[in-house]
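Chains as they are written, first to last, in full-length UniProt numbering: chain A, 1 to 312; chain B, 1 to 259; chain C, 1 to 293.
Don't read these hints as lab results, they were simulated from the structure.
Among the clues, some could well be false.
[Stated by the list, open to error] Going by beta-carbon spacing under 8 Å, a handful of chain C positions derived as facing chain B:
no. : residue
1   : Ala13
2   : Asp15
3   : Thr19
4   : Pro183
5   : Arg186
[Claimed, not checked] Only pairs whose alpha carbons sit at most 30 Å apart, straight line, appear in this in silico DSS-like list of lysine-lysine:
no. : chain 1 : residue 1 : chain 2 : residue 2
6   : C       : Lys190    : B       : Lys115
7   : B       : Lys115    : C       : Lys167
8   : B       : Lys140    : C       : Lys43
9   : B       : Lys115    : B       : Lys196
10  : C       : Lys190    : A       : Lys269
For each residue, glycine too, the CB sits at the ideal point set by N, CA and C.
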Amino acid sequence: MTVVEVSRHPVRRLGDRVFAGASTGAAITILATLAGVAIFLTVEGVPGILASPDEVKSGESFLPYVGPLVFGTLLAAAIALVIAVPVSIGVALFISHYAPRRLAAVMGYLIDLLAAVPSVVYGLWGIGFLAGKLVAPYGWLEEHLGFLPFFAGPASATGRTILTVGIVLAVMILPIMTAICREVFLQTPRLHEEAALALGATRWEMARLAVFPHARSGIISGAMLGLGRALGETMAVAMVLSASGVVSWNLISSTNPSTIAANIALSFKEASGLTVNALVASGLVLFVITFVVNVAARLVVDRRKDFSGADA
Amino acid sequence: MATSIDVSDLNIYYGDFLAVEGVTIPIAARSVTAFIGPSGCGKSTFLRSLNRMHEVVRGARVEGKVLVDGEDLYGDDVDPVDVRRMVGMVFQRPNPFPTMSIYDNVLAGQRLNSKRMKKTDADDAVERALRSAGLWAEVKDRLDRPGSGLSGGQQQRLCIARAISVEPEVLLMDEPCSALDPISTIVIEDLIHELKAQYTIVIVTHNMQQAARVSDTTAFFNLAGVGMPGRLVEHGATEKIFSNPDESATEAYIQGRFG
Amino acid sequence: MSILHTPMWRRRAVDRLATVLVTGAFVLALFPLFSILWTVVSKGAPALSPEFFTYSMRNVVGEGGGIYHALVGTLLVTAAATVISVPIGLLTAIFLVEYGEGRRLARWIRFLVDVMTGIPSIVAGLFAYALFVVFFGEGVRMGFGGAVALSVLMIPVVVRSCEEMLKLVPNELREAAYALGVPKWRTVLKVVLPTSIAGIVTGITLAIARVIGETAPLLVIAGLSDSVNFDLFHDRMATLPVFAYSAVSSPGVPPGPSIDRAWGAALVLLLIVMLLNLVARLVSHLFSPKSER
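With the hints as extra help, turn the sequences into a complete structure.
Written as structure tokens, this is what we have:
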């Protein structure tokens with residue numbers, strides 16, 4: 001009996017080989033790019049990490065230099081997340097379960113428009129509009145909640161504080177978080193929703209009984225993707241924040257911690273020599289942080305996919 | 001010149017999974033052969049192995065021989081693309097190309113392979129294929145309209161026209177009427193009768209009356225058991241299979257006792 | 001199900017409160033959108049004039065000048081980024097959909113593309129800088145570097161949207177082509193791509209809209225200049241977002257005219273982005289594969 005193993009000796013046309021090669025090559029280019037980002041940042045960054053304090057502009061060795069920036073990055077992103085998570089869940093629920101069917105698409109589109117606004121425009125809006133409007137509320141916070149370290153004051157006279165930055169970042173990450181929440185809310189099994197309603201549950205109880213449990217991992221991964229965005233956002237922070245590189249929990253004063261990204265944007269133009277390397281190294285730190293957050297977020301999403309069997 | 005097919009000891013695998021086992025069957029030239037059997041018995045898989053369409057799925061492979069006019073379809077130097085030019089196929093659901101006109105759909109085999117044709121030759125080829133598919137009268141005034149605008153039955157005949165315009169020798173049909181209404185089904189069945197003068201036709205059908213109406217030879221496929229590969233139970237002249245089959249399983253299936 | 005044992009009046013009240021909060025969240029989210037649009041339009045519109053679009057900032061002190069140089073730079077850099085990203089992104093999507101099925105490489109690529117979507121834009125800029133420093137030495141600034149940085153941000157977006165679109169093409173059409181003796185590569189080029197072209201164009205347009213407003217990477221690698229520069233491979237190149245940023249961050253004395261120009265540039269940028277979004281919607285709406293009458 002003749003045994004022909006097709007998969008072993010496939011006859012393939014030249015066109016097919018070229019085309020398959022080109023598309024595989026493109027895919028591998030992406031791998032190479034990602035590896036290139038890590039490699040080139042490392043190559044250019046390591047001298048900055050090793051530089052002695054008197055060789056860089058900051059006059060500090062790398063860890064004390066980047067430490068406060070990491071703190072500021074995490075703090076700003078955390079504020080943004082605290083604000084954006086409840087709001088995005090509310091918005092997503094409104095669009096998926098409260099709004100009239102016919103308007104839902106338009107409303108979703110409006111929220112998506114927020115994602116289209118360039119970050120430099122957010123920055124302009126932050127200094128030109130929002131910061132000024134927040135001066136008075138910050139004064140109120142200092143006066144009435146000043147016993148909390150967050151609002152110890154003295155309140156900034158310009159409003160360009162880390163809290164303002166957090167608010168701007170929250171607006172910026174709202175669309176992606178809303179989009180993901182909306183998607184998982186819409187995937188709630190109809191049967192569960194109807195079962196809840198048939199039990200006499202109100203709409204809110206239906207959301208709590210049927211929608212939220214089903215959507216938990218989706219909400220988490222959406223929040224983590226938003227966190228990734230907030231950690232890396234540059235221009236809005238660089239423009240709005242009046243930074244002085246301190247480590248402080250005070251959210252409304254005029255001395256604020258800076259963030260890695262904003263610090264790079266603000267210092268890069270004037271930097272030279274090893275200072276540039278130090279900035280690249282801080283970028284590498286940012287890359288690692290966001291990479292870890294994004295990988296974690298994607299793993300949550302992927303686990304969810306495997307679990308629900310959706311999207312084969 | 002139509003062609004006969006000789007299949008001997010064919011095993012079809014998807015990866016390690018043996019889907020169809022040990023099929024040996026001669027298929028006569030210029031005749032209609034029908035494959036019948038319950039769902040999942042491997043008759044469609046077997047049909048697709050006759051023009052190597054099953055290889056679209058990763059990991060698909062075969063053992064054994066499929067000889068078309070004495071030449072092994074699975075020979076080492078055989079390009080599946082050439083096989084499919086010789087052995088055409090019509091699918092369960094009509095699938096005209098939505099981006100092409102009726103005219104271009106008929107010529108899709110040539111167009112997609114960038115074959116140059118003189119305008120008059122192309123016109124002739126389109127008319128000939130559409131006439132053979134019994135669609136010419138209905139569409140000759142709107143050849144430039146999209147194929148997706150036709151009714152389901154018309155779309156299926158357009159797909160037949162598309163398949164025969166590349167001048168294959170064998171035409172495989174995978175339940176070609178299962179998505180159509182009864183009237184369209186009769187039109188297609190009549191068409192199959194006419195086409196067998198020129199082509200060797202193999203048709204998979206769920207509909208036993210259809211097998212009895214259109215085919216000269218019938219082959220009955222069945223599963224050896226749950227989780228077991230499909231196999232060919234018996235084959236023979238259609239009248240014999242439907243009146244006096246050798247195997248009791250065939251009789252049971254034809255009388256509607258399972259499947 | 002303890003909540004079903006709570007008194008009815010309380011449950012109703014909670015439900016009403018939830019409705020108010022959920023609706024409130026939506027209204028709250030709309031507030032910044034309209035506030036941004038209003039602020040930018042009201043502050044930016046007065047800056048727009050024929051001069052604003054046709055003059056660069058060369059030798060301009062105080063009033064006058066325009067964004068011509070930045071507009072040119074933005075178009076050039078974005079066009080270059082598109083030229084790099086679309087072939088790579090589209091081919092990768094083709095690999096994922098047409099060749100990758102069940103392969104480990106495809107799973108990895110899909111995962112890393114997702115992760116790549118999250119690379120901060122400033123990191124992309126630093127990457128381009130670190131890459132170009134190797135070849136051109138310290139302090140390198142050029143428009144093409146900006147295009148490379150934007151490509152790092154744009155490629156994953158193109159891959160994801162193209163992949164979605166290619167997946168929407170029914171397998172039946174691929175099989176129809178194969179059964180006619182059409183090789184796979186011709187099937188992809190002549191059946192799959194034409195069938196999904198509207199979605200692909202929409203996806204690419206949205207990807208362009210996403211990167212055309214990027215500031216940080218261009219600040220790092222393309223820099224800023226006051227004059228028109230048509231050469232992507234030499235010297236600093238102004239772009240709209242960087243122009244807007246720098247007009248605010250170092251406005252000069254008196255700051256007024258510079259800040260007005262910043263708002264004007266922001267308005268132009270916003271209009272471009274909104275226009276691209278609109279075009280994308282229109283393309284997908286007009287050419288979506290509907291069955292023709």
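Against the earlier hints, flag every one the structure doesn't satisfy and list their numbers going up.
Failing hints, ascending: 1, 2, 3, 8 and 10.
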